[in-house]
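Number of protein chains: 2
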Amino acid sequence: MKATVYVTIKENVLDPQGSAVQGALHSLGFAEVNNVRIGKYMELNLDTNDRAEAEERLKAMCEKLLANTVVEDFRFELEG
Amino acid sequence: MKATVYVTIKENVLDPQGSAVQGALHSLGFAEVNNVRIGKYMELNLDTNDRAEAEERLKAMCEKLLANTVVEDFRFELEG
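These protein sequence lines map, in sequence, to chains A and B.
Be aware that the first sequence starts at 5, since it is given in our numbering, and climbs by one per residue.
Be aware that the second sequence starts at 5, since it is given in our numbering, and climbs by one per residue.
Keep in mind that the hints are not guaranteed to be accurate.
For chains that are exact copies, the list does not tell them apart, and a pair is met inside one copy or across any two.
Cross-link-like lysine-lysine pairs, in silico, DSS-like; alpha carbons within 25 angstroms at most [stated by the list, open to error]:
1) Lys-68 to Lys-44
2) Lys-14 to Lys-68
3) Lys-44 to Lys-63
4) Lys-44 to Lys-6
5) Lys-44 to Lys-14
6) Lys-6 to Lys-68
7) Lys-63 to Lys-6
By construction, these hints were calculated from the structure, which means they are not laboratory data.
Values in this document were obtained by computation on a predicted structure and should not be read as measured data.
Kindly produce the complete structure, drawing on both the sequences and the hints.
The structure is reproduced here in structure tokens:
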């Protein structure tokens, strides 16, 4: 079963990486860009066919390792 | 106009960060996980209402700054 995990910085938390990328885009002439936020995108395979179990395990993985839930949000999608 | 950009490592390129995360997940007892690939997820706003122009500008941003097209693929979505 293929899983896609998205980890994003919470809305009220500063994103210095996003600010840096926005500054770089402005320097390159892309002045129309604002509010850049950078997150992580993960693809992983799970050796299981039980969707409910996969969701529960993925949630645990996100909470324990993949996301820092103090400052980050996560969501995931399961396929197949 | 809101844009979402996904940058992923090309399939035939090694992903050491993904391997490290996979190892950590295994150590934590998530043995069913394999083939972990880590990419970037970016959200940005564009001050334009012209979708065709936005697509062209986003493609240029990805090629110039957001992705290293030698080892990474990118794709993006536009909303609104």
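Evaluation of the provided hints:
{"no.": "1", "hint": "Lys-68 to Lys-44", "in the structure": "both (16 angstroms within a copy, 20 angstroms between copies)"}
{"no.": "2", "hint": "Lys-14 to Lys-68", "in the structure": "within (17 angstroms within a copy, 27 angstroms between copies)"}
{"no.": "3", "hint": "Lys-44 to Lys-63", "in the structure": "both (16 angstroms within a copy, 20 angstroms between copies)"}
{"no.": "4", "hint": "Lys-44 to Lys-6", "in the structure": "both (17 angstroms within a copy, 18 angstroms between copies)"}
{"no.": "5", "hint": "Lys-44 to Lys-14", "in the structure": "both (13 angstroms within a copy, 16 angstroms between copies)"}
{"no.": "6", "hint": "Lys-6 to Lys-68", "in the structure": "within (20 angstroms within a copy, 31 angstroms between copies)"}
{"no.": "7", "hint": "Lys-63 to Lys-6", "in the structure": "within (14 angstroms within a copy, 27 angstroms between copies)"}
Figure legend: structure checked against the earlier numbered hints; every hint is met.
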